[in-house]
Structure formats: structure tokens, C-alpha cells
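Construct the complete structure from the given sequences, taking the supplied hints into account.
Protein chains: 2
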Amino acid sequence: MSETQRQDHWNALHKHAEEGDTASLQTLLESLEPSETLRAFFRLSATDQRRLIELVDPERAADLLDDMPESHAAELLETLDAATAASIVEELSSDHGADLLGELGETEAKAILEEMSPANADEVRDLIAYSSGVAGSLMGPEQYAYPDTANVSVFLTDLAAKRDSVEQLPQRVVLTDDRGRPSGAVDIVDILLAAPDASLHSLARSVATVPVNATLEELEEFFDRYESSGAPVVDHNGRLVGRLRRRAFADELSELAQSNQLKVQGIVGGEELRAMPYPLRARRRLSWLSVNILLNILAASVIAYFQDTVSAVIALAVFLPIVSDMSGCSGNQAVAVSLRELTLGIVEVEDVFRVWWQEVSVGLVNGLALGLLIAGAAYLWIGNPWLGAVVGVALGLNTVIAVSIGGTVPLLLKRFGADPAIASGPVLTTITDMCGFFLVLGLATLALPLLV
Amino acid sequence: MSETQRQDHWNALHKHAEEGDTASLQTLLESLEPSETLRAFFRLSATDQRRLIELVDPERAADLLDDMPESHAAELLETLDAATAASIVEELSSDHGADLLGELGETEAKAILEEMSPANADEVRDLIAYSSGVAGSLMGPEQYAYPDTANVSVFLTDLAAKRDSVEQLPQRVVLTDDRGRPSGAVDIVDILLAAPDASLHSLARSVATVPVNATLEELEEFFDRYESSGAPVVDHNGRLVGRLRRRAFADELSELAQSNQLKVQGIVGGEELRAMPYPLRARRRLSWLSVNILLNILAASVIAYFQDTVSAVIALAVFLPIVSDMSGCSGNQAVAVSLRELTLGIVEVEDVFRVWWQEVSVGLVNGLALGLLIAGAAYLWIGNPWLGAVVGVALGLNTVIAVSIGGTVPLLLKRFGADPAIASGPVLTTITDMCGFFLVLGLATLALPLLV
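Protein chains in written order, with the numbering used here: chain A, 1 to 452; chain B, 1 to 452.
FYI, nobody ran anything at the bench for these hints, they're computed from the structure.
Here a beta-carbon is modelled for each residue, glycine too, at the ideal position from N, C-alpha and C.
Mixed in with the good hints there might be a few duds.
Restraint ranges, calculated between C-beta atoms of paired labels, are given here [said to hold, decoys possible]: (1) A:Gly376 to B:Leu448: 54 to 62 Å; (2) A:Pro277 to B:Gly238: 43 to 51 Å; (3) B:Leu280 to A:Ala208: 36 to 44 Å; (4) B:Asp158 to A:Pro141: 28 to 36 Å; (5) A:Val291 to B:Ala83: 53 to 61 Å; (6) A:Pro141 to B:Asp8: 37 to 45 Å; (7) A:Gln307 to B:Glu18: 52 to 60 Å; (8) A:Ala208 to B:Ser165: 20 to 28 Å.
Below, the structure is given as C-alpha cells:
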């Protein structure tokens, strides 16, 4: 699609939204690819976005909200009146609806729930009650559970009644005992091959369940162990309360990974789109920057302490930012690998010494190479081999320090309950800057007679 | 699980591998959670890892290889003799096998293929032929395709024969015409509710296919548009050649996202685990660091140019690293948001002016705040308001420059075919460092009489 066409679409969306022309809006939205829709939508002003959502039918509005990041969808919901918002939430899956309402203020969420049909509202309310990041907050209702006394034709009759609303038939149905606890599961394959009067019980095999408060790590164990496309979720009495689809779990993991990537680069909260209001974007970014500038001033105070040395060998001022930046680069590589291994679950805090040792081996090689490079550059420029030696040794040693800190800090932060994605970088650069400045200027002070 | 237990497991793995005690190895592996297995495995030396893979039966070895990142699995395969490697690849899904063999040298891959059963080898060979990142490289065989003349009982007979090997029944089966082209699809739900003599044709609805050379972006459009758990893949004649599972596609996207996160932090190739041999790890990291150090020296040459100013006002040496680091932080936030929006597909290179403008608004606010902070700190420390003004104005302006570059460079790099994840950081920091040093020292040179 050419940029001109895109511009046309966007202009048309804008015009239809402003004029309140619902019919044209719907026709246009239907003709666009989902990704094009989202792109055009995010180019609209906040007012036009709200108008468009209000104008189109709730089902289409729900589709749009489904495609965009959660925080932005929640913000949009907040700007609508409760009745309109409720009609859209009714069209979302109950777990997604619960996620969005969970991000709103309590009063707003309550107002919307009151406008919904009582059954749907109850379902969503139950899900909001679970804290985020556990099975309960990710599950939906289990639509294919049957008493273990039922036979195949009971299932078929139920399926025929639901036919029009079936989107994804699961791989298996769940059987429950007389107290509502899962007692087995029957593969759809076996139902296909069975006679209508066969009892489901006779086709059943054992069923693995997850508790409603299972964490993401426990869910990962579960889905690694079982190939199934979903898991029955049970409460503390072992009663079936819902179904967690593998896809809902995978989506949650992928949102988390993307949010971590933003955090690593200093986006507090782990989410920002440029369509968000700019005071919010500025404030969030600034909260991280202002911590960083204080840490930077702290680190640079080391330079202030060695002022006399700098003023005696002014060339050192050129190398201080290089040492600071290069140590940051080396350290950040180590941070990245540790975050990756934490995500894969192959390291934990107990591995900290092994990780440190594996970083030191790489740091020694790279420190030697970088040290020689910068020493050579310093010598070529200034012509004093001792200056080259000071800068080279300092960068070499500081590279080893940087990878040691970069590799281990994420594990230690996680151990102490801090978020390694957001905090590793600032901790790393503050320590390595201080060490780097201290090494360059300390060595230079010792070797001062040879440098001037 | 406690650390002592973990240590015990690891010791036992190590001992059994060394002693060649296959039976104990298998028993131990069966008792461990998948994530624990991987963690213990990655603590083994490269030799022990190879031994273990050789000792356990091919199915279990394939399970292990399935769980670890592709590049590491490929390296392990490379160390095995062709016959052992072949027996393991036979146990992998054909698309995964093709991915691994695709990472090996041509001779090694050929040797392994020759040891495999001809049918499996052909399947894998076909898949290797597709370039990575297109539908063909991600698909597996389509196991549930039937001529559109078949009836329900043909399907049921086939299913009964396959019963033991069925792991995931798809939501629908595909019908093909007499030239092997998909002509429709039948939902499993409808088969469940139909009589055995009903023709599949009478139950069919239209089917959406993806071409074998569809890119990841096109696949994303497809899976956004259709709720289905998989897509029939067709060649350029429209003939059915395989099935792409949604999960295989989602896994590929998530690998890509993780690899991008590593690249952003300077891990060339987008993959590193500490279990890899350290010369390889050092070399890959160094290739990025050595480019960076040259760019750093280039940027720092601006300081060398202004040596006289620095030597007249030595306090400037303290502020240069702060300005460099803070501009890098601000710019990297903008890079992160642009990478995120590129991933979501809501920006492209045509949006570069809009993105720039949205960054400037945030940059002005944050530049003002950071500029005031650093000006205040400089004034408190040195007592000269003009020095505060120079440093504050320089950091303020450079913040606007940094976010402008950080926001737009990823889009421009992508436009010109470069990888924005790996290249945005170095481009950003080089330009902002040069601008930052130039602003601080240029303004200081102009205001020199007021500073000394």
C-alpha cells in the first residue's frame, strides 16, 4: 500500500469520525487490513480516537481494542461513558475485559460493570479479583465440562446447541465429579471415533490441572510438560473454575518480554506509544532520567576529586567519556545475556559465582583487546607511551569489572525483589563509571611525573 | 527445589554422563521438571553435554534439543557423529529439524540427511530449501488433507489409523481438488455433528491459504485476520504443500523479539548463552565493541579540538561524561519506543516527521528539566552561574537532539535495509556525543571570559 493511499485512509477516517458518519466509518474499517487499521487509528488525535470508538458498533470497537496494547485500550475506555464502555467490554473475552477494567480506577470499573448484563459482569468481576500474573487472571470460562456420568450424545447435543458460538473447539473436554472437581479428560479424537451411547467416563484419561493462583513460572512448567492447548483451572477446593488457553498464556509472556525490553531502555512502566498524551510520556521518561542524572553526578564527583591531575594532563578529559561509554557497552552486553538466561529459567541467584566466572573469562579477552586499542590511539595522538599505558590498563581492568557487575547484578536484583529489567542499567553504569574514572585518574596520578 | 538438591542433580548428571550410565541418566532426567533439566544441562561442560546427548535415547535427546535455543542445539548436533545426529533429528518435528540442519555447514547437514530414512530426509530437505523467515521454513506436513470427493467415514477411518500418533488435532481438515489445490475446509465441529456418510464437500466452507514464500509480516496479517490455529500453505501453482501452525509462527516471533533485545544491547547475532564456548562469546561481543570504540574515539575528538577551553575551565571535564551519558539515556528511550512501534507495525518510514515532532515535544519538557537540574548542580558546586548556564543549555538542547535522533534513526535504518536493533544505539550515541561535546565546549568557548 502506498503512502498516498495511507494518507487517504487516514484523512477519510478523520473526516468520517468528525462528521459522525457511522456507515462510512464501518465500511472503511472493514476494507482495511488489521495492521493498517491500527496504524491509521494511532494517527488520529485523542478526540478523534474516542469519537471513532463511540461511532462504530461495539463488536468492531472491541476488535480494535483487542489489537492495541492494554494500557492504551484502558485509557480509551476511561474516556467513554459507562454504557458505551460496557457494551464494548461485553464483546471482549471475559479475561481481556477483566484486564482492562483492572487498569481503571475502582469507581470507573464499577460504573461499567453495573451497565453490563449481570452474568457477564459477575464473570468479569470474579476475574478482576485475581492478582495479575496468576492463572486466575488469565483464564476464561470452561465451556466444555460435563458430569462424568454423561455419555457422548450429551456432549454432541450440547455442541449442536452451541454450534454458532463455537470459535475454537479445544483438543479435549473435561469431566467433573459430583463436587465439580475435574476427574478426567476425553480427547476430541476419541469422541470422534466413539459411538454416541459410549459413556464419556469410559473414554477418559487422567487430567492435569493448574491451581487458580499458579504463577507464570508454574504455568511455564505446566505448558513445557504437557503439549495441551489449554489447562483446566481449579480453586483451592479442587473445583473447576475456568480454562486457561495456551495462547492466552503465550500472549502474556510476549507482552511481558516486550515490556521488559522497554524497561531496559528506561521506559518506566514498560509501555509507551507515541499516541499517548505527551505530558504522561514526558513524566514517565523523566522519572527514570532524573534518577540517572543524580547517579551520574555522583559518579562524576570522582573526576572532581582528581581535578589537579586532569588539569596537569588535559588529554585525560578526552578519554574519560570513552572509558565510561565503553565500560557501559561491555557491561550492558553481560546484562542482556543474564536477562535472557533469567527468562529462559536457566540461571538463578545461586548461579551467581558461575556466571561471574564465565563473564571474567570473556572480560579478560575483550578488556585486553580494547585496552590495547585505546592505548594505541592515545599513544598515536599524544606520543607519550605512558599515557597510552594508563588509559589502556584502566579500560582493560574496567572492562572486567563491567562484565562482572553486568552479569551478576540482574540475578542479585531479582533475588532481592527488584525488577532487573529497569534497575540493572543504572546500577551498572554508576558503579562502572566510578571505577573507570577512579582507575584512569588514580593511575594517572601515580604516573604523573611520566605524563607531563 | 533447594540449591543442595540442584547441586545433587547436577553432580549426578555429570557422574552418570562420565560413567556412561545410560539407565541412571534416563531415570534422573525423567524425574526432573523440564526447566530444571535445562538448567542442570547448561551447567555441564561441553564434553559432558555431548556425552549425555549420545547416551540417552534419541527421543529424550530430541526433547532436550527442542527446549534449548536453536543455535545451541545446532552446535551440539555438529559435535555428534552423523548416525547419532540423524536418529535425533528423526524425532524432531520436520520444520525444527530443518531449522537445525540449516544452521550447520552443508557437508555436515548432508551427512546427517543420508543417515535418515529417505522419506523423512526428503521432507526435511524440502523445508531447508526455503529461506528462513517465510512460511515454507516454518511449516510442517499437512496430515489432515482429503480429496473433496471423500465423505466423513473416510476421515474417521484415517483418524482411527493415525490415532496413536495424533498429538494435536487441528480445528479443521482441508479438502483438495483433483490437482491438489485446497478447495475448502471442514470444521471438526461439523464433522462431530454429521452422519458418517455425509460428504465432506457438503460440510465445507471456503478456506484461506498462505503462499509458501509469505513473509512474517504477511503471516501476521493472516493470523490477525483469521482466528484459526493453523494455515494451509500452497506453492506457486496453488497446490497444498504443508501446514503452518499458529504456534510455530508465534514461537518464531518470540525468538525474533528476544534476539532483537540482545542485539539492542550489543550481542551480535542476537544469541548468546554462557554455555557457549567463551572464545566465540568474546569474539561476537568484541566485534560490536570494536566498532563502538572507534566511534567513541571519533566523538571524543571534539573534546581534543577544544583542549584549550577545557584546560582554562577544568570543571568542564566533570560535566562532559554526564552530558554524554544523559543524552544517551534520553535517546535510547526514544529508540526503544520506535522499535516497539515498528514491531507493532504502527509506524513506518513515512511517519518519520510525525515521530520526530512527537519526540521534540517530550524532549523540550525533559530537556528543560534536566538542564535546570544540571545547571543547579554546577552552580552549587562551582559557584559560577554562567558555568551552570552553559552546561544547562547544552544538556537541554542536546536532549532534544538525542530524542530526535533516537526516535527517527530506527525508522531510517529499517528503510535502508539495516537492522535497527543492532545499529540504532551506536549511531545514536556517536551523533549525540559529538553534538553534546560541541555544545558544552562551544558555548563555554564563547562565554570563556565569564567562566574563568
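Tested hints:
About 33 Å separates the C-beta atoms of Gly376 of chain A and Leu448 of chain B, a value inconsistent with the hinted range of 54 to 62 Å. Judged by the Cβ atoms, the range 43 to 51 Å given for Pro277 of chain A and Gly238 of chain B holds: they are separated by roughly 49 Å. Range check, Leu280 of chain B to Ala208 of chain A: Cβ separation about 39 Å, and the 36 to 44 Å hint holds. Range check, Asp158 of chain B to Pro141 of chain A: about 33 Å between beta-carbon atoms, so the 28 to 36 Å window is met.
Roughly 58 Å separates the CB atoms of Val291 of chain A and Ala83 of chain B, a value that falls within the hinted 53 to 61 Å. Taking the beta carbon of each, Pro141 of chain A and Asp8 of chain B are about 43 Å apart, inside 37 to 45 Å as hinted. Judged by the Cβ atoms, the range 52 to 60 Å given for Gln307 of chain A and Glu18 of chain B holds: they are separated by roughly 59 Å. Roughly 21 Å separates the CB atoms of Ala208 of chain A and Ser165 of chain B, a value that falls within the hinted 20 to 28 Å.
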